[in-house]
Amino acid sequence: MSLLTAVMDHGLDEGYAEAAAARGDGRASRVPTTRRGLATLGLGLALVGVVLTIGAVNAHDAQPALAKERDALVHRVTDTAGAADRLQQQVQELRRKVESTQQQALQAAGGGGLADLAGAVGTGEVSGPGIRLVLEDAAGTGAGGNVDPRQADGFENSGRLRDRDLQLVVNGLWQAGAEAVSVNGQRLTALSAIRAAGEAVLVDNRPLVPPYTVLAVGDGPKLGPAFESGVAGHYLHLLQDSYGIKFSLSVQSKVTLPAAVGVTLRTAQPVPSAPATSPAAAPEVPAATGSAAGPSGTPGTGPSPSASSPGAHPSATKPSGSKTTSSNSPRATGSSPTATAGSTSAGTRSN
Amino acid sequence: MIAVLGLVIGVVVGLFVQPEVPDAVVPYLPIAVVAALDAVFGGVRAMLDGIFDDKVFVVSFLSNVVVAALIVFLGDQLGVGSQLSTGVVVVLGIRIFSNAAAIRRHVFRA
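Note that the protein sequences, when read in sequence, are chains E and L.
The letter at position 175 of the first sequence is residue 175 when you use full-length UniProt numbering, and the numbering goes up by one with no holes.
The letter at position 26 of the second sequence is residue 26 when you use full-length UniProt numbering, and the numbering goes up by one with no holes.
Pulled out of the complex, with its shape left as it was, chain E reads as follows (with noise of 0.2 Å):
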């Protein structure tokens, strides 16, 4: 308590009292009158005022940690969305460069650039003369979703177009000449696959809902002769006579057929020599550039078209096994590989 006491009671310095009675008179002046007693003062005060200053300005300066901290993580948040925003600028850039010099490149191979070869590979979109091909079931089959499960028995019901059908058609117009072909929308490629699975028809694991609608571009007026009167076209008015399936032919004085979608390119190489079979490649092909077009390469911004394009030869490999590398284009040979990749059909009917 006698802390507490004399903390309480002692609040004036006692020097004061002591220097008093040290002078001796009992009247002090309340200010110093001599001219070093003001500096004195002076001095002191001036101590004090530095004092108190820099601790405010320390105290202003040391915001509390918290928002310190959260500071901080802003500028690292925002510097490294920053950062992300240029690694993406760069990106880009670097993939406008690629298409570039892709397409100098093929334009320097003598190929017709990088927009012809996506066209004739199926990468990119394609649009010209052509014919226009409606296939239809049987009337009384059951199209679309009114089949009831319990009676429909695949293809026996041979008043259904079937997978095997639609190959011979697709082949047919490759062979009269076509030089791009949909089906429902669906762009073939040397890739690409029809079959069926239960009674749908599937173009690359898509169903098809009847009618089937086949676009192809080429000569319209010479194609549509001469599909009709290749094999395809006979099949097909025999499957019409027997069987009732419809189909109509028209020719078209512009189609226009979307690009496949899912088309990757794994790996591609240039091959150093020009190959004797393609008259349109040139010496030195740099195509395919970027080794793989990344797992959602687009169609046709990618290397793919030139890799598997018939002007420049390089090897690619696609996932699937299936090698694309006859690098004929489909039209070239007549014989697409489509037919060797879809003909597992269970189904058996006679004609």
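There's no promise every hint is true.
To be verified - With a cut-off of at most 20 Å between alpha-carbon atoms, the simulated SDA-like pairs for lysine to any residue come out as follows:
1. LYS68(E) / ASP23(L)
2. LYS222(E) / GLY262(E)
3. LYS55(L) / GLU14(E)
4. LYS55(L) / GLY15(E)
5. LYS55(L) / GLU136(E)
6. LYS246(E) / GLU136(E)
7. LYS55(L) / LEU38(E)
8. LYS55(L) / GLY11(E)
Just so you know, the hints here were simulated from the structure itself, not pulled from any lab data.
With chain E held as given, fit chain L onto it using these hints.
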């Protein structure tokens, strides 16, 4: 006059020089501030009591700051730094309050 000038000079120096406070000294800054305030209030009260002495004022200010800092430093070395600094602030705060009360009595006669 010189006193006010000294205070102003001190504030201006503190503001414009903005001395870089070393990290080792930062913990003692609050204590120094409180000690300075205590010295100022004590000086004002002594002035009103009519027993002001400039030498005592300066020396008491300096010694207050140094002793307070030393106490806190010692506490830091012994692991009770924050408690000791609290104690210093409490004691000096009580002195500031009692001096302020004396000043009030002088000024307002109440």
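Measure nothing beyond the straight line between the CA atoms of LYS55(L) and GLU14(E); if it is 20 Å or shorter, mark the hint as holding. Satisfied, since the Cα-Cα distance of roughly 13 Å is no more than 20 Å.
For a C-alpha distance cap of 20 Å, please report whether LYS222(E) and GLY262(E) respect it. Between LYS222(E) and GLY262(E) the Cα gap is close to 32 Å, so the pair fails against 20 Å, i.e. violated.
Quick one, are LYS246(E) and GLU136(E) close enough, alpha carbons at most 20 Å? Within the cut-off at roughly 5 Å; holds.
Hinted pair LYS55(L) and LEU38(E), Cα distance within 20 Å: Roughly 10 Å separates the two Cα atoms, so the pair holds.
Proposed proximity, ASP23(L) with LYS68(E) (alpha carbon, max 20 Å): holds, 18 Å
Run the distance test for LYS55(L) versus GLY11(E): straight-line Cα separation, threshold 20 Å. With Cα atoms ~18 Å apart, LYS55(L) and GLY11(E) stay inside 20 Å; holds.
20 Å Cα cutoff - pair LYS55(L), GLU136(E): violated, 115 Å
Taking 20 Å as the top limit, are the C-alpha atoms of LYS55(L) and GLY15(E) close enough? Between LYS55(L) and GLY15(E) the Cα gap is close to 10 Å, so the pair holds against 20 Å.
In terms of the numbered hints stated before, the structure departs from hints 2, 5, listed from lowest to highest.
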